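Here the protein sequences come in this chain order: A and B. For what it's worth, the UniProt record's numbering labels the leading residue of the first sequence as 1, then goes sequentially. For what it's worth, the UniProt record's numbering labels the leading residue of the second sequence as 1, then goes sequentially.
Heads up, some of the hints might be wrong.
One copy or two, either will do: identical chains are not told apart, so a pair holds if it fits within one copy or between any two.
Distance condition first, Cα-Cα at most 30 Å in a straight line; then the derived DSSO-like pairs of lysine-lysine [to be verified]:
{"id": "1", "residue 1": "201", "residue 2": "2"}
{"id": "2", "residue 1": "308", "residue 2": "17"}
{"id": "3", "residue 1": "45", "residue 2": "2"}
{"id": "4", "residue 1": "201", "residue 2": "17"}
{"id": "5", "residue 1": "308", "residue 2": "201"}
{"id": "6", "residue 1": "41", "residue 2": "308"}
{"id": "7", "residue 1": "45", "residue 2": "201"}
{"id": "8", "residue 1": "2", "residue 2": "41"}
{"id": "9", "residue 1": "41", "residue 2": "201"}
{"id": "10", "residue 1": "308", "residue 2": "45"}
{"id": "11", "residue 1": "41", "residue 2": "17"}
{"id": "12", "residue 1": "2", "residue 2": "17"}
Quick caveat, the hints were computed from the structure, so don't treat them as lab data. Quantities reported herein were computed from a predicted structural model and do not represent experimental measurements.
2 protein chains.
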Amino acid sequence: MKKLINAPEDVLVESLKGVAAAHPELSVDLETHVITRAVPKDEGKVAIVSGGGSGHEPLHGGFVGHGMLDAAVAGEVFTSPTPDRVQAATQAVDRGAGVLHIVKNYTGDVLNFEMAAELASMEGIEVGTVVVADDVAVQDSLYTAGRRGVGLTVLLEKLVGAAAEEGRDLASVVDLAHRITANGRSMGMALTSGTVPAAGKPTFDLPDDQMEIGIGIHGEPGRHREPLAPAHDIARQLVDPILADLDVTGPAIVMLNGMGGSPLIELYLMYGEVSAMLEAAGVQIVRNLVGNYITSLDMAGCSLTVLKADDELLRLWDAPVSTPGLRWGM
Amino acid sequence: MKKLINAPEDVLVESLKGVAAAHPELSVDLETHVITRAVPKDEGKVAIVSGGGSGHEPLHGGFVGHGMLDAAVAGEVFTSPTPDRVQAATQAVDRGAGVLHIVKNYTGDVLNFEMAAELASMEGIEVGTVVVADDVAVQDSLYTAGRRGVGLTVLLEKLVGAAAEEGRDLASVVDLAHRITANGRSMGMALTSGTVPAAGKPTFDLPDDQMEIGIGIHGEPGRHREPLAPAHDIARQLVDPILADLDVTGPAIVMLNGMGGSPLIELYLMYGEVSAMLEAAGVQIVRNLVGNYITSLDMAGCSLTVLKADDELLRLWDAPVSTPGLRWGM
């Protein structure tokens with residue numbers, strides 16, 4: 001295992017120390033692994049909390065800040081954070097207008113956020129929840145009943161974050177979140193496996209001449225393996241399953257995401273491929289992201305996310321955002 | 001070789017196609033491989049041109065935009081762009097106030113930019129040049145007389161870009177550039193070699209239990225190899241040679257840069273280590289960058305850059321910038 005780490009069991013806390021050192025605009029609790037804004041949003045606005053296992057950076061901690069999340073709860077690598085920590089984060093950021101929980105659809109996350117929501121509501125905090133399940137690769141998976149939550153989470157955190165900043169109430173923010181989950185889909189692939197520090201070896205063996213199509217973000221199995229193929233063929237295998245599942249002629253926000261170990265020169269090349277295919281299929285790409293936004297440790301590979309857009313979503317997308325991972329307009 | 005590419009010889013152009021598709025605010029010439037702003041800066045302002053071999057993305061093309069570069073000239077992977085293309089870029093972005101060439105200190109780049117500057121001056125364009133040679137690892141190298149130009153290039157492009165945007169004249173921008181190169185140093189290391197697409201195999205062999213300290217950004221040899229070590233020891237080997245070379249008690253801008261294949265969770269962990277060591281040595285880190293800014297294809301590893309700061313540099317640092325790779329204040 002070749003990694004820039006000390007003891008494997010210290011990776012999360014030591015990485016959070018770096019986040020704290022680099023970003024004085026964030027408040028990082030090294031005990032609970034909760035990242036919040038150093039300056040909370042105004043009283044009376046809906047707060048947004050997300051979280052999950054670590055290893056997907058910049059998601060979620062890198063998306064805390066104005067226009068996006070109020071708190072991120074970081075579990076150990078690929079391990080859901082406990083309900084008490086999610087509850088503590090919820091309580092810490094509630095500004096009297098309720099809290100939206102953004103949960104990626106993995107069994108542990110769903111259960112723990114559910115329990116946290118119950119605990120919070122016992123404290124008188126109104127909690128709404130959106131479960132992201134955008135991965136068209138598989139119906140059920142190793143860690144999931146139903147589809148896995150992947151890249152759409154990034155776009156959703158941006159969009160509902162902007163809505164909350166506008167002062168919209170919890171019901172309206174929850175409605176928006178559900179509209180986004182209904183209109184976005186993702187599909188990913190891997191060239192190599194990531195390596196969980198505590199495991200010390202790659203999560204799965206992928207021969208030098210093979211790739212895996214439909215991979216999740218934890219090394220859980222995808223649809224199938226096949227011989228390495230040119231970028232053009234890979235792009236086709238990401239685009240087609242999304243278009244088969246989502247009627248998306250018209251405007252869209254598109255993300256070509258890197259899994260952590262693939263360099264930008266390759267991600268742009270892939271974006272060139274997928275954007276041409278999407279446009280040829282009648283998708284009008286009005287906004288895009290290309291880069292590492294939801295990763296799987298040092299896995300090489302990429303994923304594609306497509307979200308149908310309308311004027312409201314574009315207005316929210318263009319609203320100012322200031323986080324370590326996403327920043328514009330301020 | 002596991003990469004998201006089609007034919008190796010098409011990587012550069014196909015990646016540029018992706019850049020063009022993703023960034024309508026840039027103008028990408030697929031013939032000359034020159035990236036410029038779609039909307040040029042105002043007449044009468046100094047223009048900034050950089051470039052060099054590809055494979056270091058987002059540098060340089062990802063730093064074209066308001067507050068940073070006016071043009072980037074992309075050579076093939078790890079290959080200097082030809083003088084005629086640098087000259088064409090220079091001519092294209094000159095707004096009547098002269099052009100600054102930012103050149104990383106590699107023999108090919110230095111010669112080609114020199115020749116381009118001569119060609120441009122024959123056309124009546126005033127050209128100033130700054131050669132970045134910030135790498136403390138080695139005195140001469142495989143491709144260099146003198147030190148190599150690495151991470152400081154990123155900070156320099158931001159700072160002189162801001163100065164040019166303010167309307168300062170060429171002599172003043174050149175002076176500033178030289179002040180920056182005199183006050184910044186870098187040191188890098190690799191866990192793995194990157195793979196040049198046309199070569200099809202790693203540039204160098206680094207055994208599973210070894211790392212290389214003092215690596216450049218092209219896989220050229222560093223100072224020495226040694227057994228894999230904890231992040232803390234690696235950080236010490238990046239920090240000490242910089243502090244030995246640069247008297248930097250007081251304010252500084254610090255970048256912990258990823259080489260392309262190392263995920264953000266590791267880069268933040270490394271930033272935690274180096275920032276604590278620098279602060280202990282009397283460096284006051286007033287601004288920082290953590291992420292992939294000047295890479296070496298899919299190499300795993302990182303580099304550290306330290307630049308002594310003063311009020312003027314901080315003002316220029318904080319000035320608005322809007323590029324694919326760096327964006328704030330707008």
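For a quick check of understanding: which of the numbered hints are violated here, in increasing order?
3, 5, 7, 8, 9
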